[in-house]
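The primary structure of each chain is shown beneath.
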Amino acid sequence: MVADLFSDFYQFADVFAFLILSAAGLAIIFGMMGVINLAHGEFIMCGVYVTSAAYHAGLPLPLAQACGAVVAGLIGMLLEVTIIRPLYSRPLDSLLVTWGISLVATQGTLIALGSTFPGIDTPGHSFSVGEYSFSSYRMVLFAASLCVLGFVYVLFMRTRFGVHARATMQNPGMAQALGVRKGIIYAVSFGIGTGLAGLCGALYAPTMNLIPTMGASFLVEAFVTVVVGGANVLLGTGPAAIALGVIRAGLNAWYGQVVGEIGLLIAVVLIIRVLPDGFSGWLTRRTS
Amino acid sequence: MTNLLNGPQTLGRGRAFWSAAAAVLVVALVYPLFVDSYDVGSTAYFLCWVFMALGLCLMWGYNGMMSFGQTFFFGVGGYAYGVIEINLGVANGGAMASLVAALAVTAVAAALLGYFMIYGRIGGMFFGIVTFAVTLALAFFLNQTAGPEWHIGTARLNGFNGMQGMDPLALPWFGGDIDLEGTAFYYFVLVLLIVVYLLLRLLVNSRFGNVLVAIREDPLRAELLGYDVRRYSLVTFVIGSVLGGLSGALYCSWGQFISPSSVGLPAAAMPVVWVAFSGRSDVTATLIGTLLLIAGFQALTIYSEQWALILMGVLLAGTVLIAPDGLIVSLANVVARRRARGGAALKPSLQER
Amino acid sequence: MAALVQTRGVSKSFGGLFAVKDVDLAIEDREIHCLIGPNGAGKSTLFKLIVGTYAPSAGSILFAGADVTKMPAFARVARGMSIKMQAPSVFRALSVRQNLHIALQYHVEAHRIPAEEERLLSLLGLEVDASRPAGELAHGQQQWLEIGMALALRPRLLLLDEPTAGLSPDETFRTGELIQRLNADGATVLVVEHDMAFVRQIATSVTVLHLGQVFARGTIEDIISNRGVEEIYLGSAHDA
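Residue numbers (our numbering), protein chains in the order written: chain Z, 37 to 324; chain D, 1451 to 1803; chain Y, 788 to 1027.
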């Protein structure tokens, strides 16, 4: 009984962590700047590759993972300053430009590093509850996803940067008039977004085969979580991941991965028919 | 009729344009006489893709719906053609019936997906994101169907190895079907392309087309002029997506093969690159630009597919940054301005304001 | 005879706050009815409820004898409403002529559209600008073009939200004349307006909204001599 319950929870936690970690960076960039970064998958891939390279260069895994996140964040900031910045008034165009960048990054990696890259063995052990056995690293990922949510909350609600960022999000012109430096806020926010994408890759690096196109395998989950969550990361992403996590884990358990993926999508299409602005839009409307 | 062909929503009017078009057509018609049938076949292969680009141009350029799902419908149309044809067999017009049925399947899929998005008032970027997610998910699903349990009738989906074993199209004719392969297939696709192109010109310059551009410019205003914006958009989405399905079915007939890689990345980016590069606001520009890009891409792929894809990525980002209205449309505008000595552009800019 | 438009106990709340509360309004056939009131009185909300871009939280709306409460905006237009919203919203990238064409093709048969276009262009004084993109017109011209598009629908009821916003006094006066001419041709007109001189120029009857409710109604003379109306305007001026 307890074992069954824990097994259900484990399934859910696994999906929830995947949704949160793959979507958090995308959601921050969308929420702050109204831009959907279609190169999101490539920043995840960047996190994976840097982690693996650093790990094989002799760094301990957690440190290598930190490298993955930081490098992705720095590249993101560079990209924001050079290419994305002139496009804030043209969100649809920024979508296309980031898609172009994504193509270049994937194929460039393929040319530079070939179609495979040395992977990392999954750390940690398995543990058992009742007759089932579970991977402890999956629990680490679940904990990490909660930490990411906590980090985002503290960052936006408890720091000076967060106050400036929220002010800029609500009214860029006014915030600037009050002395907030919009350019820095945007560059840092973009960097945090891509850094979280890199972190996602870093955390999943030990669980996957390393190929340059692997970023795409995170995209569907990242997109649907952001679409269902809506524009406000703090209000939307968590609830969206819980709802979608329950749906997905349930379908996975009963009907398998394929139905899970398709069912998730059907659920998303049904949800947006009812809540076009996602959870956060709905919550904002309810409370305003 | 001629008014509709030359209306305000299309570039290329007057005697000069139509004479040039006729000349190109003549070249296209006699071209198979001068090259071997293998080359004719690969030219037909290029032409197959253009329908998908024209469909995207209609949805995105004329109605403002950014659909990243053209390869989704390409896959639906292609797989539907394959599955139905394998089950029906080629005899007694079975292949042609399969093509029609595949388009019907695509239309139903587009109507369903379109209904939920358009009536859910999903617009702008999210329209792109949701269609993109659906496309990636279809590719993911098809990749999982390698096992023998994944079959529809006698057609096995075959997972990432791709489905095969369908017959090419055949045209029912008095005294026996004409197999549409090689040169015959080329002529078939060419005629189809001309018909679709002319019909699209008529459509976008008609009353319907006027409403489409009105919706693109300002959906609320269009509604306040009495137009049921969501119904117009849904119809447009179905037409544009069915053209994607037509590309898929023709492709499947051409190579007697279709695989999930035609649906997922990087294939899904290609129609977006073609249309953005050419200029989404015009069907003629899209037609010309798409053909140029496909031919260029194929030529480069012989040396390195990766570099060809990188070039596509650079072209997409570069076009949007430097000539957001698309290269061919921008060129046409420059020429028009020159001629009119500082007069107005032929095509209004679609840049976001 | 029943009124052309009737709202019965119409309310609209946003997150618990009532922008419009329990409003009964009747607009008689062939009158020019002005809706006035200080800022935040709920004029624009009531306007949008009649137009159909908002759905009421309670109450019902009748137009030409039919209940249109649940009808979307385009279906109300099909029944004879025509609308000019507050901010000018012309199809900016399309030419002035195309803007009119799109409005005209709703009712007018194809072969008569060119003649109608010319008639409207000269009525609006936009002949020379016919092939310019509408987005390049001056603000006042855009307002006029939009009124022209609203007219092109040959409405029974013309709804205008602040038609004189941003216009010069001369343009304002000419807009008033235009509205009166249309009214003489048979259209009923509902105008939301700030400018009292303009209201005095055109209105046959006036409703004053205050805090989302009907404060007073009557002829323009009744309203001008009503001390209460003056007070709510002054009061809101003090608050502001």
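The set of hints was computed from the structure by calculation and includes no laboratory data.
Please note: incorrect hints may appear among the correct ones.
[Unchecked claim] Covered by chain D, per the in silico footprint, the following chain Y stretches (three or more residues, Cβ under 8 Å): (1) 890-896; (2) 975-983.
[As the list claims (entries may be wrong)] Partial list, computed: chain D residues near chain Z (C-beta under 10 Å): (3) GLY1615; (4) ALA1745; (5) SER1754.
Every residue gets a Cβ at the ideal spot worked out from N, C-alpha and C, and that includes glycine.
Here's how the hints hold up against the structure:
1. Chain D is given as covering the region 890-896 of chain Y, and this holds because 3 residues of the stretch bring a CB closer than 8 Å to a CB of that chain, at least three being needed.
2. For the region 975-983 of chain Y, the stated coverage by chain D is violated: 0 residues have a C-beta nearer than 8 Å to a C-beta of that chain, whereas at least 3 were required.
3. Against a cut-off of 10 Å between C-beta atoms, the interface hint on GLY1615(D) is violated, since the closest Cβ of chain Z lies about 23 Å away.
4. Look at ALA1745(D): its Cβ only gets to about 19 Å from chain Z, farther than 10 Å, so that hint breaks.
5. At about 8 Å, the closest approach between the beta carbon of SER1754(D) and any beta carbon in chain Z falls short of 10 Å, and the interface hint on this residue holds.
Hint compliance for this structure: hints 2, 3 and 4 are broken, all remaining hints hold.
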